[in-house]
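*Asks:* Model the placement of chain D on the given structure of chain Z, informed by the hints.
Chain order of the listed sequences is Z and D.
Residue numbers for the first sequence follow my numbering, beginning at 141 and rising by one.
Residue numbers for the second sequence follow my numbering, beginning at 752 and rising by one.
Since the hints were made in silico from the structure, they are not lab data.
Worth double-checking, as some hints may not be accurate.
In silico DSS-like cross-links for lysine-lysine, where the CA-CA straight-line distance does not exceed 30 Å [claimed, not checked]:
{"no.": "1", "chain 1": "D", "residue 1": "Lys919", "chain 2": "Z", "residue 2": "Lys516"}
{"no.": "2", "chain 1": "Z", "residue 1": "Lys492", "chain 2": "D", "residue 2": "Lys1014"}
{"no.": "3", "chain 1": "Z", "residue 1": "Lys492", "chain 2": "D", "residue 2": "Lys892"}
{"no.": "4", "chain 1": "Z", "residue 1": "Lys473", "chain 2": "D", "residue 2": "Lys1014"}
{"no.": "5", "chain 1": "Z", "residue 1": "Lys461", "chain 2": "Z", "residue 2": "Lys148"}
{"no.": "6", "chain 1": "D", "residue 1": "Lys1030", "chain 2": "Z", "residue 2": "Lys492"}
{"no.": "7", "chain 1": "D", "residue 1": "Lys996", "chain 2": "Z", "residue 2": "Lys461"}
{"no.": "8", "chain 1": "Z", "residue 1": "Lys492", "chain 2": "D", "residue 2": "Lys764"}
{"no.": "9", "chain 1": "Z", "residue 1": "Lys298", "chain 2": "Z", "residue 2": "Lys201"}
{"no.": "10", "chain 1": "Z", "residue 1": "Lys473", "chain 2": "Z", "residue 2": "Lys513"}
{"no.": "11", "chain 1": "Z", "residue 1": "Lys518", "chain 2": "D", "residue 2": "Lys960"}
{"no.": "12", "chain 1": "D", "residue 1": "Lys764", "chain 2": "Z", "residue 2": "Lys473"}
{"no.": "13", "chain 1": "Z", "residue 1": "Lys414", "chain 2": "D", "residue 2": "Lys964"}
{"no.": "14", "chain 1": "D", "residue 1": "Lys980", "chain 2": "Z", "residue 2": "Lys414"}
{"no.": "15", "chain 1": "Z", "residue 1": "Lys518", "chain 2": "D", "residue 2": "Lys947"}
{"no.": "16", "chain 1": "Z", "residue 1": "Lys175", "chain 2": "Z", "residue 2": "Lys295"}
{"no.": "17", "chain 1": "Z", "residue 1": "Lys513", "chain 2": "D", "residue 2": "Lys837"}
{"no.": "18", "chain 1": "D", "residue 1": "Lys919", "chain 2": "Z", "residue 2": "Lys414"}
{"no.": "19", "chain 1": "Z", "residue 1": "Lys415", "chain 2": "D", "residue 2": "Lys984"}
{"no.": "20", "chain 1": "Z", "residue 1": "Lys516", "chain 2": "D", "residue 2": "Lys964"}
{"no.": "21", "chain 1": "D", "residue 1": "Lys960", "chain 2": "Z", "residue 2": "Lys516"}
{"no.": "22", "chain 1": "D", "residue 1": "Lys980", "chain 2": "Z", "residue 2": "Lys419"}
{"no.": "23", "chain 1": "Z", "residue 1": "Lys289", "chain 2": "Z", "residue 2": "Lys262"}
{"no.": "24", "chain 1": "D", "residue 1": "Lys1030", "chain 2": "Z", "residue 2": "Lys415"}
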Amino acid sequence: MILMWIHKYKLKTLEEFIGNESAVKSLINWADNWKNEKMKAVLIMGPTGSGKTTITKLIAKKLNYNIVETNASDVRSKKALETFFGQSLNQQSLFYKGKIVLFDEIDGISGQNDRGAPGVIKKIIETSSHPIILTGTDSGSSAVKAIKKICKIIKFEKVDTDIIQNLLKNICDLEKVYIEDKIIRAISRHADGDIRAAINDLETLAIKGTDINLDSVKGIGFRDSKRSIENILKILFITNDANIAIESMDNLGVDPGEMLEWVRENMPREYTDKKDIAKAYEFISRADIFKGRITRMQYYRFMVYEIQLMTAGVAASKSEKPRNLKSYHFPTKIAVMARTMFERAKNKTNAKALSPHIHTSTHVAREYFPLIKLMKEKNPEQYRRLSEEIGVNI
Amino acid sequence: MIDIWTEKYRPDKLDDVVGQKNITDKLKAFAKNKTLPHCLFAGTAGIGKTTSAIALAKDLYGDRWKSNLMETNASDERGIDVVRNKIKDFAKTKPLGADFKIIFLDESDALTPQAQQALRRTMEKYTNSTRFILSCNYSSKIIPPIQSRCAVFRFGKINNKDISDRLKYICDEEGVKVTDDGMDALLDISEGDLRKAVNILQSASITTKIIDKDTIYAMAAMLKPEEVKEIVKKALENDFLGARKQLMDVMISRGLSGIDVIKAIHREILILDVDAMEKARLIDLLGEYEFRIVEGGSEDIQIEAFLANLALTNIKK
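Chain Z extracted, bound-state conformation:
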């Protein structure tokens, strides 16, 4: 089984955790002594990949707590939160273990779907009979503002480049790959305090094998959405493990609809066997249907199936080794949509102007565009009159 390094080298005990010592110490003290603490919740603020979630899980393990968790990839509407926490907090856990509530990435709460959520979280904090840990990166986000007064705030800093460097060296030793020190140093610096990014980059470079030099470190580029997408693609085209494929999209903030386009564009370029392509396309087709159902029924939980079918389904469809491409094609569909954005907006306006005059929906009104275009081209005078009368501008 191929396990991503980020999972393979997940920390197992609290003692292994490195960096942010004083913050970690005060967090342990708070959790240990929770019943007597003034603040019943802790908000860990710190940059991505500094270990906020990891430390919470390790502390829970150490103190023998179960974790009740929600993060940005779950739907966090007011109602969903109320049902979720209502159920899971009132259930006695097996063997009467205590519970820690973890609200991961609360900056992810925003906008339409999560409306009312900060209020519910506040209420949960105020009334909880369990310790609550929240994590966040952006102190300006509305969710953070709403709750910071009733939380103990613990700040995590970026992880030191030296610490990252040592970590990467250890992994290289365990994996028996040889990479020069100055390159490991470059990867560490490049990661800018984000351990997760550093390990992922190291693995990507090691997968590519052969020439690892300073240029290839530059080649991994800055961590932006395209970079994340390419990482995900790489993983799910290579792995045979359903869970690894599914987790590849976790916490990266990639839009599932956009991801589906990347998978669809590149899968037939990566896979070689026509049976594999057909099988994988079947899963893409199913994912696409769930995507349609989300819009039609406004039922967001379907997104889980959309994501898992496009990742695990596509990953599981291969029988032959993938080509392992060096780079991926930008999705044709997205490129076309961007190119035709102006035209599509214009079409919409025209359809709206036209439809009442011909007693149809805007959808049917579009069937008249070729006729009107032709009129404009061959019979400008007739077109001018029509255009004045109904305000279309084809």
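*Replies:* Below, chain D without anything else, positioned relative to chain Z:
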């Protein structure tokens, strides 16, 4: 009157509606008695549902038809609330010189079952002052409680004779001529959809006054048999990327709908040289992907999935 033939030649009287005599006779009787039940007009595109509703309103209300008829479209309104508010506002004002007004809700099968439940309550609430005419493509998508409150009228496809008579009438009025093979081509492409036929005819008339088969096919945004053959061939020869690129090109550049492409592929499959079982498998598959499009899947992704599957076909050598 705008210079679009489907409007210019839209019949004003129920008597002039083409090819739906059984239905228009009943509607005429309603108009004569100044009474009307809620109605459900079911049938495919371009066969006279909207035209009949407007003609009925003209018959009932004469010059005041516009103030007593509200046309609204379920597929363009963002939710049942919009529909409901619009309907409420309209229903609240008194009918002008009549006992009731008419609300014509087009494409009502675009409403979700929940929205239809809400609509049903609205229908009941304003039943004193308002009659609903719902139109839809598939009556099966309308919930039973609404169907049971409506007189259901099934609009059939208009037969070729009626269509060609109407087209000839328009040609005479406009001073253009369609050759015999041109007329056959028009009937072939429009498949009983008079709106489509008139649209193609007007487009053709802009380029030439004597319209033949070639002009008609050039006007119809149709996938040419050679193009589909090419796409299918590439898929069968294991050139999936080539097939996909060509499919995208025709769909994007010509704005073809997924259903049009599927129809064209369907014709191609029927003449494919494969054994009977394999052919049956492909027909079933194609149907499945068409179903998925109707279910809300993306046209391009679903057709591509079919092409990927088509590549697995055993071709007779």
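*Asks:* Does each hint fit the structure? Answer for all of them.
*Replies:* Structure-based check of all given hints:
1. Distance check on the hinted pair: D:Lys919 and Z:Lys516 sit about 25 Å apart at the alpha-carbon level, within 30 Å; holds.
2. With a CA separation close to 29 Å, the supplied pair Z:Lys492 and D:Lys1014 stays within the 30 Å bound.
3. Proximity of Z:Lys492 to D:Lys892 is assessed by CA-CA distance (about 26 Å); at most 30 Å being required, the pair is judged to hold.
4. This hinted pair checks out: Z:Lys473 and D:Lys1014 have alpha carbons roughly 23 Å apart, not beyond 30 Å.
5. As the CA atoms of Z:Lys461 and Z:Lys148 are separated by approximately 22 Å, the hinted pair is consistent with the 30 Å bound.
6. Distance restraint check for D:Lys1030 and Z:Lys492: the Cα-Cα separation of roughly 43 Å exceeds the 30 Å cut-off, and the hinted pair is therefore not satisfied.
7. Straight-line distance between C-alpha atoms of D:Lys996 and Z:Lys461 comes to about 24 Å, which keeps the hinted pair within the 30 Å bound.
8. Taking the CA atoms of Z:Lys492 and D:Lys764, the gap is near 27 Å; set against the 30 Å cutoff, the hint holds.
9. For the hint linking Z:Lys298 to Z:Lys201, the alpha-carbon distance of about 24 Å falls within 30 Å, and the restraint holds.
10. At most 30 Å may separate the alpha-carbon atoms for a hinted pair to count; Z:Lys473 and Z:Lys513 meet this at roughly 25 Å.
11. The suggested pairing of Z:Lys518 with D:Lys960 holds, with an alpha-carbon distance near 13 Å, which does not exceed 30 Å.
12. Proposed proximity of D:Lys764 and Z:Lys473 is contradicted: the alpha carbons are some 47 Å apart, above 30 Å.
13. A hinted pair counts as satisfied when its Cα atoms are at most 30 Å apart, and Z:Lys414 with D:Lys964 does not qualify at roughly 40 Å.
14. About 20 Å separates the Cα atoms of D:Lys980 and Z:Lys414, which keeps this hinted pair within 30 Å; it holds.
15. Restraint check for Z:Lys518 and D:Lys947: the C-alpha separation of about 21 Å stays at or below 30 Å, so the hint holds.
16. The hinted pair formed by Z:Lys175 and Z:Lys295 meets the criterion: a straight-line CA distance of about 22 Å does not exceed 30 Å.
17. Distance hint between Z:Lys513 and D:Lys837 is unfulfilled; the C-alpha atoms sit about 33 Å from each other, more than 30 Å.
18. As the CA atoms of D:Lys919 and Z:Lys414 are separated by approximately 51 Å, the hinted pair breaks the 30 Å bound.
19. Straight-line distance between C-alpha atoms of Z:Lys415 and D:Lys984 comes to about 17 Å, which keeps the hinted pair within the 30 Å bound.
20. For the proposed pair Z:Lys516 and D:Lys964, the alpha carbon gap of about 23 Å is at most 30 Å, so the pair holds.
21. With a C-alpha separation of about 17 Å, the suggested pairing of D:Lys960 with Z:Lys516 holds against the 30 Å cut-off.
22. A hinted pair counts as satisfied when its Cα atoms are at most 30 Å apart, and D:Lys980 with Z:Lys419 qualifies at roughly 24 Å.
23. Pair hint Z:Lys289 plus Z:Lys262 holds up; C-alpha atoms about 10 Å apart against a cutoff of 30 Å.
24. Restraint check for D:Lys1030 and Z:Lys415: satisfied, since their Cα atoms lie roughly 18 Å apart, inside the 30 Å limit.
Violated hints for the displayed structure, listed by number in ascending order: 6, 12, 13, 17 and 18.
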